[in-house]
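Given only the sequences and the hints, what does the whole structure look like? Please build it.
Heads up: the sequence shown begins at 1 in UniProt numbering, then just goes up one per residue.
Estimated spans, in silico, between C-beta atoms of each pair:
(1) 120 x 89: 17 to 27 angstroms
(2) 14 x 133: 19 to 29 angstroms
(3) 135 x 49: 50 to 60 angstroms
(4) 109 x 62: 30 to 40 angstroms
Because the hints were derived from the structure by calculation, they are not lab data.
Keep in mind the model is a prediction, meaning the values are calculated, not measured.
Backbone N, C-alpha and C define an ideal beta-carbon position, used for all residues, glycine too.
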Amino acid sequence: MGAGDPYSPGFPSFNHTQFPPVRSSGLPTIPAHPISAAVAAHLLRQLTGPPAPQSWRGLLPEVPYLLGPGEPNFRLQLGVHNVQQSVMINNVFGCIEGKFEPDHYLIVGAQRDSLGPGAARSGVGTAILLELARTFVAMVQN
1 MGAGDPYSPG FPSFNHTQFP PVRSSGLPTI PAHPISAAVA AHLLRQLTGP
51 PAPQSWRGLL PEVPYLLGPG EPNFRLQLGV HNVQQSVMIN NVFGCIEGKF
101 EPDHYLIVGA QRDSLGPGAA RSGVGTAILL ELARTFVAMV QN
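This is the structure in structure tokens:
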């Protein structure tokens with residue numbers, strides 16, 4: 001799966017677009033749950049076996065990146081209780097027409113999602129984006 005609307009991969013979603021019901025949408029039904037880097041490192045340390053190729057290795061410190069399998073007595077129970085539902089989300093969009101090159105576009109955005117200790121990142125990005133918007137407004141007014 002890639003970024004964007006999972007119902008129209010590679011293409012934007014438009015208002016009033018009809019989508020299939022979630023159950024018949026073709027979206028994957030595998031259990032999935034976001035985890036922190038600390039939990040991922042703990043799970044990866046349980047693996048044994050030959051080393052993974054260099055291109056498969058991540059940047060978690062003190063993780064040997066082995067291919068597995070793991071210890072025979074290690075068990076992991078994953079309970080996922082997600083509820084799939086369509087919800088309305090809001091987006092903010094502004095446009096300032098350029099004076100010299102009105103046919104060129106500049107798109108500015110900020111990170112809006114985060115997990116675990118990185119939760120402040122989206123707040124910082126939003127604060128910078130708001131200040132940038134205020135600066136653009138001041139430039140247009142002056």
